[in-house]
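Asker: Residues per chain are reported as follows:
There are 2 protein chains.
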Amino acid sequence: MSRKREAVRDLILSTSADLFRDRGYRATTLDDVAARLGMSKASLYTYFGGKEEILAEISRQTIETFTRGLAEISRARLSPEEKLREVVLRHVRFVVSHRSFLTVFFSEEASLPARFARALARQKDRYDRDLETIVQQGIRSGAFRPVPARLVVYGLLGMVNWLYKWYNPRGPLGPDDIAHVFLSFVEDGIRAPRRGGGPALARRLARLRRELDATARALRNA
Amino acid sequence: MSRKREAVRDLILSTSADLFRDRGYRATTLDDVAARLGMSKASLYTYFGGKEEILAEISRQTIETFTRGLAEISRARLSPEEKLREVVLRHVRFVVSHRSFLTVFFSEEASLPARFARALARQKDRYDRDLETIVQQGIRSGAFRPVPARLVVYGLLGMVNWLYKWYNPRGPLGPDDIAHVFLSFVEDGIRAPRRGGGPALARRLARLRRELDATARALRNA
Chain A
1 MSRKREAVRD LILSTSADLF RDRGYRATTL DDVAARLGMS KASLYTYFGG KEEILAEISR
61 QTIETFTRGL AEISRARLSP EEKLREVVLR HVRFVVSHRS FLTVFFSEEA SLPARFARAL
121 ARQKDRYDRD LETIVQQGIR SGAFRPVPAR LVVYGLLGMV NWLYKWYNPR GPLGPDDIAH
181 VFLSFVEDGI RAPRRGGGPA LARRLARLRR ELDATARALR NA
Chain B
223 MSRKREAVRD LILSTSADLF RDRGYRATTL DDVAARLGMS KASLYTYFGG KEEILAEISR
283 QTIETFTRGL AEISRARLSP EEKLREVVLR HVRFVVSHRS FLTVFFSEEA SLPARFARAL
343 ARQKDRYDRD LETIVQQGIR SGAFRPVPAR LVVYGLLGMV NWLYKWYNPR GPLGPDDIAH
403 VFLSFVEDGI RAPRRGGGPA LARRLARLRR ELDATARALR NA
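If you read the protein sequences in the order shown, they are chains A and B.
Under our numbering, the first residue of the first sequence carries the number 1, and numbering increases by one thereafter.
Under our numbering, the first residue of the second sequence carries the number 223, and numbering increases by one thereafter.
The shape of chain A in the complex, shown without the other chains:
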């Protein structure tokens, strides 16, 4: 495919995703998409066979991005903890940068052709299982406490997927800030507690907490 053709294709997909999100998939016509793009419907048809094909392609690209990212991370020479951090970071970045895609992906499953919907469900299952494997590796390595790994996966995906509902691109927090805060919730929830100690460390901790309190207070009053 020529680069120009590919760019137009991408533009059709992102424009359609925006319209599907705002008006709903069924309420949006190909005329709406063509009008928004300043393109004729005939020309639109040289890229996609119809609205259903556009919807399927949005879903396909979304699951492919997630699946490819997770496969890369799974293969990487990283500890399970590092892998989980990387998954969350990439996931949050993608949800934030493709909110329309995600809204369509999560809301229009019932509108997909049945065969494609089944294939998609299988890919999602595989994704969940591969992520579960990372959590289980972390449990075996002793990095995480022995938690129900599948529920960690669902809880974590719930936290990061939900971003498509509330993320405000004009708000103060970028995707990396959010990923780090979410990771801090989850890691402290699933890391194996160990023992040890030191009054010096405890003093540093208390000091940092005071600083954090002061900064958080300042933020609230800002």
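Be careful, since some hints might not be right.
Residues from chain A that face chain B, not an exhaustive set, calculated with beta carbons under 10 Å [stated by the list, open to error]:
hint: 1; residue: Tyr25
hint: 2; residue: Ala110
hint: 3; residue: Phe116
hint: 4; residue: Val147
hint: 5; residue: Leu151
hint: 6; residue: Leu157
hint: 7; residue: His180
hint: 8; residue: Val181
hint: 9; residue: Phe185
hint: 10; residue: Glu187
hint: 11; residue: Asp188
hint: 12; residue: Arg209
The calculated BS3-like cross-link candidates involving lysine-lysine, where the alpha carbons are at most 30 Å apart (straight line), are [as the list claims (entries may be wrong)]:
hint: 13; chain 1: A; residue 1: Lys165; chain 2: B; residue 2: Lys346
hint: 14; chain 1: B; residue 1: Lys346; chain 2: B; residue 2: Lys273
hint: 15; chain 1: B; residue 1: Lys387; chain 2: A; residue 2: Lys124
hint: 16; chain 1: A; residue 1: Lys41; chain 2: A; residue 2: Lys124
hint: 17; chain 1: A; residue 1: Lys51; chain 2: A; residue 2: Lys41
hint: 18; chain 1: A; residue 1: Lys51; chain 2: B; residue 2: Lys226
hint: 19; chain 1: A; residue 1: Lys165; chain 2: B; residue 2: Lys387
hint: 20; chain 1: B; residue 1: Lys387; chain 2: B; residue 2: Lys273
hint: 21; chain 1: A; residue 1: Lys165; chain 2: A; residue 2: Lys51
hint: 22; chain 1: B; residue 1: Lys346; chain 2: B; residue 2: Lys387
hint: 23; chain 1: A; residue 1: Lys165; chain 2: B; residue 2: Lys273
hint: 24; chain 1: B; residue 1: Lys226; chain 2: B; residue 2: Lys263
hint: 25; chain 1: B; residue 1: Lys273; chain 2: A; residue 2: Lys51
hint: 26; chain 1: A; residue 1: Lys4; chain 2: A; residue 2: Lys51
hint: 27; chain 1: B; residue 1: Lys346; chain 2: A; residue 2: Lys124
hint: 28; chain 1: B; residue 1: Lys263; chain 2: B; residue 2: Lys273
hint: 29; chain 1: A; residue 1: Lys165; chain 2: A; residue 2: Lys124
hint: 30; chain 1: B; residue 1: Lys273; chain 2: B; residue 2: Lys226
hint: 31; chain 1: A; residue 1: Lys4; chain 2: A; residue 2: Lys41
Here are some chain B residues the structure puts well away from chain A; computed CB gaps all over 10 Å [claimed, not checked]:
hint: 32; residue: Leu259
hint: 33; residue: Lys263
hint: 34; residue: Phe270
hint: 35; residue: Gly271
hint: 36; residue: Arg290
hint: 37; residue: Glu294
hint: 38; residue: Ala298
hint: 39; residue: Ser301
hint: 40; residue: His320
Simulated from the structure, these hints should not be mistaken for laboratory data.
C-beta: ideal position from N, C-alpha, C; glycine also.
Dock chain B against the given chain A, drawing on the hints supplied.
Answerer: Frame of chain A, contents of chain B only:
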């Protein structure tokens, strides 16, 4: 309203929600609803003015249930920690028992009449703020570490709302099991650390520093 009339109304709502979930709201007709119920369409019209009214009523009952539950918990003589536990427990129970309602509630916002959609958005905002207040009370009381309360709310709601996507009523886990596991992730993530030792303390220190950085960044961007 007579009790029989109320029971039929509830049945119409739950049947419609099931159909909307399986086929999508726009693809479902009132004829489909009437046929599933073994009821005439004329008789259906004596309960609801149309499909849009059914959709609005499903959304209204859903947000009302959440809002009423949260208000009761907020007023109760409970510690912030206990309040948060109770919110999560009730939320999970409701999502599990009303999955069709929740699917419609979260997927069909674009199909709602504009005025109703705006009122609903305001109610959701209020819910988020009231839940944030509980987290802030927990921070002030020292039960939770000084986390960004709004992100706790979004993370927590993401975990529990996401259930509507994956919960399997034939699976081994009931709502209370799931709520307790999720709470164990979240509480260990947001509870103030008490005693501790070497590697655990060092990790907390690193985590606090990351949070401090993220908060300072947010402050600069605010």
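Asker: Where does the structure disagree with the numbered hints, that is, which hint numbers, in rising order?
Answerer: 3, 16 and 18
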